[in-house]
Amino acid sequence: MALTGVLRPGHVALRVLEMGPALKHYVDILGLTEVTRDKSGRVFLKAWDEHDHHSVVLREADEAGMDYMGWRVDSPATLKRLAADIEASGLASNLGWIPAGEHPATGERFRFTIATGHAMELFAEKDKLGNDCGTDGPDINPAPWPDNLHGIAPSRFDHCLLYGDDLDGAVKLFREVLGFSLAEQVMAGPDGSLMIAAFLTCSNKPHDVALIRQPVKGKFHHASFILGSWEQVLKAGDILSRNKVSLDIGPTRHGITRGETIYFFDPSGNRNEVFAGGYIHYPDKPTITWTEQELGPAIFYHDRKLNERFLQVFT
Amino acid sequence: MSYVVLITNTGETFACGGEENVLAAMECLRRQGIPVGCRNGGCGVCKVEVLDGRFTKRKMSRAVVTAEEEARGCVLACKVYPQSDLRINVVGKMVRAIETQGKTSFVLGFTATTADSQPDTET
Chain A
867 MALTGVLRPG
877 HVALRVLEMG
887 PALKHYVDIL
897 GLTEVTRDKS
907 GRVFLKAWDE
917 HDHHSVVLRE
927 ADEAGMDYMG
937 WRVDSPATLK
947 RLAADIEASG
957 LASNLGWIPA
967 GEHPATGERF
977 RFTIATGHAM
987 ELFAEKDKLG
997 NDCGTDGPDI
1007 NPAPWPDNLH
1017 GIAPSRFDHC
1027 LLYGDDLDGA
1037 VKLFREVLGF
1047 SLAEQVMAGP
1057 DGSLMIAAFL
1067 TCSNKPHDVA
1077 LIRQPVKGKF
1087 HHASFILGSW
1097 EQVLKAGDIL
1107 SRNKVSLDIG
1117 PTRHGITRGE
1127 TIYFFDPSGN
1137 RNEVFAGGYI
1147 HYPDKPTITW
1157 TEQELGPAIF
1167 YHDRKLNERF
1177 LQVFT
Chain B
75 MSYVVLITNT
85 GETFACGGEE
95 NVLAAMECLR
105 RQGIPVGCRN
115 GGCGVCKVEV
125 LDGRFTKRKM
135 SRAVVTAEEE
145 ARGCVLACKV
155 YPQSDLRINV
165 VGKMVRAIET
175 QGKTSFVLGF
185 TATTADSQPD
195 TET
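So the sequence lines, in the order shown, correspond to chains A and B.
All the letters of the first sequence, read from the start, carry residue numbers 867 to 1181 under this note's numbering.
All the letters of the second sequence, read from the start, carry residue numbers 75 to 197 under this note's numbering.
It is possible that some hints are incorrect.
[As the list claims (entries may be wrong)] Quick list of in silico lysine-lysine cross-link-like pairs, DSBU-like style, CA-CA up to 30 Å:
(1) B:Lys167 x A:Lys905
(2) A:Lys1110 x B:Lys131
(3) A:Lys890 x B:Lys133
(4) B:Lys133 x A:Lys1085
(5) B:Lys131 x A:Lys1085
(6) A:Lys890 x A:Lys946
(7) A:Lys1085 x B:Lys167
(8) B:Lys131 x B:Lys167
(9) B:Lys131 x A:Lys1083
(10) B:Lys167 x A:Lys1171
(11) B:Lys133 x A:Lys1171
(12) B:Lys167 x A:Lys1083
(13) B:Lys133 x A:Lys1110
(14) A:Lys905 x B:Lys131
(15) A:Lys1071 x A:Lys1151
(16) A:Lys994 x B:Lys167
(17) A:Lys1085 x A:Lys946
(18) B:Lys133 x A:Lys1083
Honestly, the hints are just simulated from the structure, not real lab data.
Can you make the complete structure from the sequences, with help from the hints?
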């Protein structure tokens, strides 16, 4: 296995103000599938092409925002090793183990807080539910997509963009301890030496998590879900407008990652993205650098200018 | 039932139905550059103080509106539904756009074609 260590973003846990409208949004409009609920009222959801039990966790709370993001690693041994490495690095705080079963169908998780104030988790085990594409049994003679798609129907939860202050400490942890590479960066300041945005990947994707430097701790900019084509992004725009979903921006293209995108808000003000495209990342690809002067097209390639909302609105 | 909402920062008024949230009605002013945020009670950009009037409200994020603020009518326009005429003071991040951009910075309309404005012709 060439892709080892941290495999992918495995789940994102979001706080919503009211569960009813949240489920209408995430299930009926976005098109995720509700898998189960637990006794505390959390709802566990998945996108259609994810084999794992769940990838989105919703919890009703008084504040919107993100509770934590979880990462699947390749084995229990890797989980133990990375937990020890994180502890030894001194780059994270609030370290602790969460017992198996606290998330349904999920093994034990190691939770830690990175320098930007975001809680992250690693886990090695989560039951496989499959993607409903098999015609002669799970994963046997599959069709390209299942019959029961509805709403926008992204295939996977893809990444998060998070806002926080100590970007350097967080990037150091992801790169030096967790084995991520820096696919792209935005540099600012008089001599261009201050990193204000980092696009980090543990895989072949242009980003698995992105971080932007802002004078806040633990803030959530968006959770993103992947679609198969630019046309599906445009159709997502149709579905969002038909359902009067609060739109942020798009459809447009990012300079960074080259993704084709549309942004919108869930009923609690948490930003979502659905996107398509991008490129294939390999660990030996040189890091792409964007300068502060070109931040407009870096973020919104067609408009070539940033809107205030993209920078200032987060939960 | 439609009510009149007065923005004390500028003296502007707009109409808002009892089933419509105040931010949505304000967006219909079509003021260019009103940096509305999430429109869903999470980001706090549209925070207003209700100085006068009755309204109902829906849940808004405690991260941006404290219980004390909410108790004294300092709330998010996107979660406020008027039950009478309202007087509001805009205090959130959109205050800058409200106060600095003059009365009408966006005109929705078409100029009538006159004899002086012929369609472009090839020369």
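Hint by hint, here is what the structure shows:
Restraint check for B:Lys167 and A:Lys905: the C-alpha separation of about 39 Å exceeds 30 Å, so the hint is violated. At roughly 20 Å between alpha-carbon atoms, A:Lys1110 and B:Lys131 fall within 30 Å of each other, so this suggested pair holds. Restraint check for A:Lys890 and B:Lys133: satisfied, since their Cα atoms lie roughly 17 Å apart, inside the 30 Å limit. For the suggested pair B:Lys133 and A:Lys1085, the alpha carbons sit about 20 Å apart, so the restraint of at most 30 Å is met.
In summary, the hint linking B:Lys131 to A:Lys1085 is supported, as the alpha carbons are separated by about 25 Å, within the 30 Å threshold. Note on A:Lys890 and A:Lys946: the hinted pairing is violated, with a Cα-Cα distance of about 38 Å set against a maximum of 30 Å. Of the pairs offered as hints, the one joining A:Lys1085 and B:Lys167 holds, with about 17 Å between alpha carbons and a cut-off of 30 Å not exceeded. The hinted pair formed by B:Lys131 and B:Lys167 meets the criterion: a straight-line CA distance of about 20 Å does not exceed 30 Å.
Restraint check for B:Lys131 and A:Lys1083: satisfied, since their Cα atoms lie roughly 29 Å apart, inside the 30 Å limit. Distance check on the hinted pair: B:Lys167 and A:Lys1171 sit about 20 Å apart at the alpha-carbon level, within 30 Å; holds. For the hint pairing B:Lys133 with A:Lys1171, the CA-to-CA distance comes to about 33 Å; that exceeds 30 Å, so the pair is violated. Proposed proximity of B:Lys167 and A:Lys1083 is supported: the alpha carbons are some 19 Å apart, at most 30 Å.
Between B:Lys133 and A:Lys1110 the CA atoms are separated by roughly 19 Å; this keeps the pair inside 30 Å, and the hint holds. Distance restraint check for A:Lys905 and B:Lys131: the Cα-Cα separation of roughly 29 Å lies within the 30 Å cut-off, and the hinted pair is therefore satisfied. Note on A:Lys1071 and A:Lys1151: the hinted pairing holds, with a Cα-Cα distance of about 12 Å set against a maximum of 30 Å. Restraint check for A:Lys994 and B:Lys167: not satisfied, since their Cα atoms lie roughly 45 Å apart, outside the 30 Å limit.
Straight-line distance between C-alpha atoms of A:Lys1085 and A:Lys946 comes to about 28 Å, which keeps the hinted pair within the 30 Å bound. For the given pair, B:Lys133 sits about 23 Å from A:Lys1083 by alpha-carbon distance, which is consistent with the 30 Å threshold.
Checked against the numbered hints above, the structure violates hints 1, 6, 11 and 16; every other hint is satisfied.
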